[in-house]
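Based on these hints, arrange chains B, C and D on the given structure of chain A.
Number of protein chains: 4
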Amino acid sequence: MPRILMVLVVCSLLFAAGPVVGQTREAGPWWPHPIWGAEDQAGASNWITPEKVLAAIKLVETGRIYELGQIYERGMPLFGDRTYSMMIPGGPTYNEPFGANKLIGNDEFLCTEIGQVGTQFDGLTHIGARMKMADGSVRDVYYNGFTGDEVLGSHGMRQLGIEKIRPIITRGVLIDIAGYKKMDRLPNGYEVTVDDVRGALKRQGLDEESLRPGDALFFRYGWSTLWTEPDKYNDSPAGIGLEVAHWVVERRATMIGSDSWTSEVVPNPDPTLIFPVHQELLPKNGIFNIENLKLEELAADGVYEFLFVFTPVPFKGATGSPGRPLAIH
Amino acid sequence: MPRILMVLVVCSLLFAAGPVVGQTREAGPWWPHPIWGAEDQAGASNWITPEKVLAAIKLVETGRIYELGQIYERGMPLFGDRTYSMMIPGGPTYNEPFGANKLIGNDEFLCTEIGQVGTQFDGLTHIGARMKMADGSVRDVYYNGFTGDEVLGSHGMRQLGIEKIRPIITRGVLIDIAGYKKMDRLPNGYEVTVDDVRGALKRQGLDEESLRPGDALFFRYGWSTLWTEPDKYNDSPAGIGLEVAHWVVERRATMIGSDSWTSEVVPNPDPTLIFPVHQELLPKNGIFNIENLKLEELAADGVYEFLFVFTPVPFKGATGSPGRPLAIH
Amino acid sequence: MPRILMVLVVCSLLFAAGPVVGQTREAGPWWPHPIWGAEDQAGASNWITPEKVLAAIKLVETGRIYELGQIYERGMPLFGDRTYSMMIPGGPTYNEPFGANKLIGNDEFLCTEIGQVGTQFDGLTHIGARMKMADGSVRDVYYNGFTGDEVLGSHGMRQLGIEKIRPIITRGVLIDIAGYKKMDRLPNGYEVTVDDVRGALKRQGLDEESLRPGDALFFRYGWSTLWTEPDKYNDSPAGIGLEVAHWVVERRATMIGSDSWTSEVVPNPDPTLIFPVHQELLPKNGIFNIENLKLEELAADGVYEFLFVFTPVPFKGATGSPGRPLAIH
Amino acid sequence: MPRILMVLVVCSLLFAAGPVVGQTREAGPWWPHPIWGAEDQAGASNWITPEKVLAAIKLVETGRIYELGQIYERGMPLFGDRTYSMMIPGGPTYNEPFGANKLIGNDEFLCTEIGQVGTQFDGLTHIGARMKMADGSVRDVYYNGFTGDEVLGSHGMRQLGIEKIRPIITRGVLIDIAGYKKMDRLPNGYEVTVDDVRGALKRQGLDEESLRPGDALFFRYGWSTLWTEPDKYNDSPAGIGLEVAHWVVERRATMIGSDSWTSEVVPNPDPTLIFPVHQELLPKNGIFNIENLKLEELAADGVYEFLFVFTPVPFKGATGSPGRPLAIH
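So the protein lines, in turn, are chains A, B, C and D.
All residue numbers for the first sequence refer to our numbering, where the first residue is 152 and numbers rise by one.
All residue numbers for the second sequence refer to our numbering, where the first residue is 152 and numbers rise by one.
All residue numbers for the third sequence refer to our numbering, where the first residue is 152 and numbers rise by one.
All residue numbers for the fourth sequence refer to our numbering, where the first residue is 152 and numbers rise by one.
To be clear, the hints were calculated from the coordinates, so they are not data collected in a lab.
There may be inaccurate statements among the hints.
Since the list gives no way to pick out one identical chain from another, each pair is judged satisfied if it fits inside one copy or across any two copies.
No farther apart than 20 Å at their CA atoms in a straight line, the calculated lysine to aspartate or glutamate pairs in the EDC-like style are these [stated by the list, open to error]:
| # | residue 1 | residue 2 |
| --- | --- | --- |
| 1 | Lys353 | Glu394 |
| 2 | Lys333 | Asp347 |
| 3 | Lys283 | Glu247 |
| 4 | Lys283 | Asp300 |
| 5 | Lys315 | Glu448 |
| 6 | Lys315 | Glu224 |
| 7 | Lys209 | Glu456 |
| 8 | Lys315 | Glu218 |
Keep in mind the model is a prediction, meaning the values are calculated, not measured.
Next comes chain A alone, as it looks inside the complex (with noise of 0.2 Å):
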């Protein structure tokens, strides 16, 4: 390091007040956390203990692999202007075959907003809600009441970052709305209701009883198969309410899953509420939601009950992961 860059860092350390992380923060509407307390950052990914683990090895039957994710690639449904960049630098990477075994060598460059394109695993600080504080403050508040102050860096999130989150080795459930309808997807803007779920379990030999803390949740809307018209895929899915994410939490899932783009009603039934499940699940208790999954092989088996494997990639800082979730039968 230049000897200057040391100065700014040093006076950087003498004359400005950062935040102090892991301060005594006033409790909050939603922090500190109930059960994993007032420093975790890994949300409902605590669920996932050894026990856990070894309960949903042992829904292997069959050893057979469904791939749940989409392939990444440019032209693929992006949300607003997002970027979805490859390039294959030109010609073998290191220019000349080299040695007498004439290695030759490639890479590939990527430019994307990593845990927000294609299937993606929203982490902690994807989401949050613009508060009044107890002091009176206004501020951003993220999962067990970081604030942006805490949680926002230049470079990558210097809190909740994606890095936290244990692997996501857990039960998962396939709860299937466009199954329990009998439709190939379900209308646009259809809020799905926990009646529908609960209809789906019962329809699957399950119900809502038989579900575990921990367990991943996924609801089949039957909206993949618009994957190659972004158009139309982007457009205003069907999905859960706030009506369903009160039943997820209550469920204690780590997680839920979809195959739209939002796993959430869009717009709303309600008009002044902007991404309300989003809002419940991940700030408020710490509950994840992975997009834009592919749902149609699991339903058209009945394989309702899995081994799910989704290994959040550890960029530090980011806001979500992109990844190959799977299901293990």
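The following block gives chains B, C and D in isolation, referenced to the frame of chain A:
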């Protein structure tokens, strides 16, 4: 698509004689693949059948998860002049709190050689060889005889991309060379021998007969202890050479892995050879290689056999993949 | 540099037979350049001598500056699937106010095809031709006979990069085709003829005899009126064809420019030809081309001769350059 | 735009109380600007009127162009952990020769802090100050009193972007401090004094009375001789301090420039101050600063007055600009 671009595409079809993939290739020294055939693009991940998955699952005893990967961050060791730059776009991405629920949101932007930084799983277009073909032409050749003309694409590899690989859910075996040698870390440039490997296995109560096709074999050199010192970490690591590479091929492993940036000894004792182990494994045998692991904890706990989980992220046309490799015991 | 990388570099020198630049090339249809010689990489910017600069400076009468370029921003028309993504890293980049003076700072991150987006100046590696050489081999050939093997580099062009071009400080001449045709905008796909060019010059009180080597010739088609409608803008623009391209070559211009994304008519009236004007000007004659200009104000004010200023940004090895072209009157 | 995004935008308008720009700001220590008014965003580039351009043009005697900028390339000195990564996508971008004319094409991809790498022109959002406002709130404040809330945007600065600056076509004056001091390069950390400046001008046959509003003043420290040694180059450079900064403000210059990475002495002799010259010039006075120049040739030729040309590239919302600064004599 604007009309003009369609014109370009059509003209391209009319006037350009592009490479035909899957053309009847003349056989070469390592193709067509004797088991998986001329069109195979999955390499030794083909060993991972449902039966193999079931067998690997049975290795889980306690449900404890070991993290084998490093965290991705600025300042980690990188090869050559690769880039790893993450930015968090300023303020909540959507700038204003949305809705009566005052939702705020963030994402992140990452620019990097996505499959070739940090803990990295080398795919089948990462390494090849330039060679004289039967017809006298000189070509770049990859796994199963695919040529550079067929493979290379501006915006992603057109063949043999990482998305073609099966997820790695298999038996993992740690081969603790540093432990066998009673060293914290092997010396720079030390070539691990087959005798070392057999000795290490024996010390662990295993022998090479117990290895099975499709296993993932992990060599511990003690190199990850240098991870926070990039200059030392990148300097001439210990590792396997061609002798052990041939032994790996005979074991019909799906992949190897290690705690160095290359898995193989560098420089090779034969100074005319550059990364010959990579070349022996990837193009010639379709055997994968994951680098920059952490194996200290497994070794400390004496966990030598485990369920290994690694799910290459299907970035279409990438030469490799980041991820979060796990050993589950 | 870690020792291993030095080993690689040295091995490369020992074992690889890389392309030799400046090798004695056999003469070809457009090389060596008859005036500037076999090693020239500056093309028609060579016309811009001190004398030419002085003559151009003398055209300034009022000191008024006309902006001829567009602003670069998300949502502007882009060719094909190019990317233009700027991010402002979150909060002051350095996170905290520094020093007793509480300095804050920001920067920005941009990912883009830097020389080929928005107002863009095409350099000498942007376009070439694949052709059979005297020795029977098939090669990609650029200006002055440089071949793809010599030019292409993973991380920047190794020859003919934009940094080799002289800054463009020369006489600019507007040729207002739309004005001559009494149209706001030429029709889609209209090929401008030499008669049109002569008519436009005559209407402006100029003739082709008044044009001098090294001039920059700007064709106004009225196309920039579509700039905010990317689909229409990108669709088959009017422009010059090979007839006018040959006329430009005879004029010994340094460059052309226009208010469309290509300067040339698309599709070409001969449907077997793709961007033939680009090919005639850039590789064959070293004549540059700046696209996506705004020429409305010059035309409205009847400013037909002016000091033209464009300074290609010397991004080493780039195929073109963004910038801020000016007419000073 | 998908319907849902329109919903988001509309909701944003209904429910969010965004910052109002151009709001009646209470006056502060350096705003509203006494000459250019409360809404000005062009700063001291306002001095560049047609009359100023005409006067500068008259300085051209020989037509000789001096290049004052460095070439942008991997490995050049960068501040902190900034990135400069260019890639040439593999093979002709469009993969196949197009048309009967067998056209081939290339572009390049660049990822970088575009306005803050290499030869860089600092704009008005690059530097500000955190301060207590009249209403007691603490804000980040930039030129003309624009606040962080108004300025900062995720994908580009919303106010004071580099595209708001007039092109720099003005009189340039070299102030050769190293020449005056009879040194090849000033010592590390040396603060240039006003006496040095006056001495240097006198040695050149000039005096401060000859300087005019809108001039561009270039300080030569001899620092560019370290350009190829990034560690030395980045280390504590000589430069001007607050004394000379105040003198510059009194001269009513449009901008300064220098051959170091900061133009100002680092560390400042007052160790509590971080980059105070930047803060004095940019936010407080709207005076620009171009860094990382080469001034050796001008000094060697004794060219002290010249037409200076720099055209900030209008990347919307950028904090600065790369470019190719020229002295024309």
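Quick rundown of the hints versus the structure:
In this homomeric assembly, Lys353 and Glu394 come within 20 Å of each other (Cα to Cα) only inside a single copy, at 19 Å, whereas the closest approach across copies is 59 Å. In this assembly of identical chains, the alpha carbons of Lys333 and Asp347 lie at most 20 Å apart only when taken from the same copy (12 Å versus 61 Å across copies). Proximity of Lys283 and Glu247 under a CA criterion of 20 Å is satisfied inter-copy only: 15 Å between copies versus 61 Å inside one chain copy. Taking identical chains as interchangeable, the C-alpha atoms of Lys283 and Asp300 lie at most 20 Å apart whether they share a chain (14 Å) or sit on different chains (18 Å).
In this homomeric assembly, Lys315 and Glu448 come within 20 Å of each other (Cα to Cα) only across copies, at 18 Å, whereas the closest approach inside a single copy is 31 Å. Taking identical chains as interchangeable, the C-alpha atoms of Lys315 and Glu224 lie at most 20 Å apart only when they sit on different chains, with a minimum of 13 Å there against 27 Å within one chain. Taking the shortest Cα distances, Lys209 and Glu456 sit within 20 Å of each other both inside one copy (11 Å) and across copies (18 Å). Taking the shortest alpha-carbon separations for Lys315 and Glu218, only the inter-copy value of 12 Å comes in at or below 20 Å, while the best intra-copy value is 25 Å.
The structure agrees with every numbered hint stated previously.
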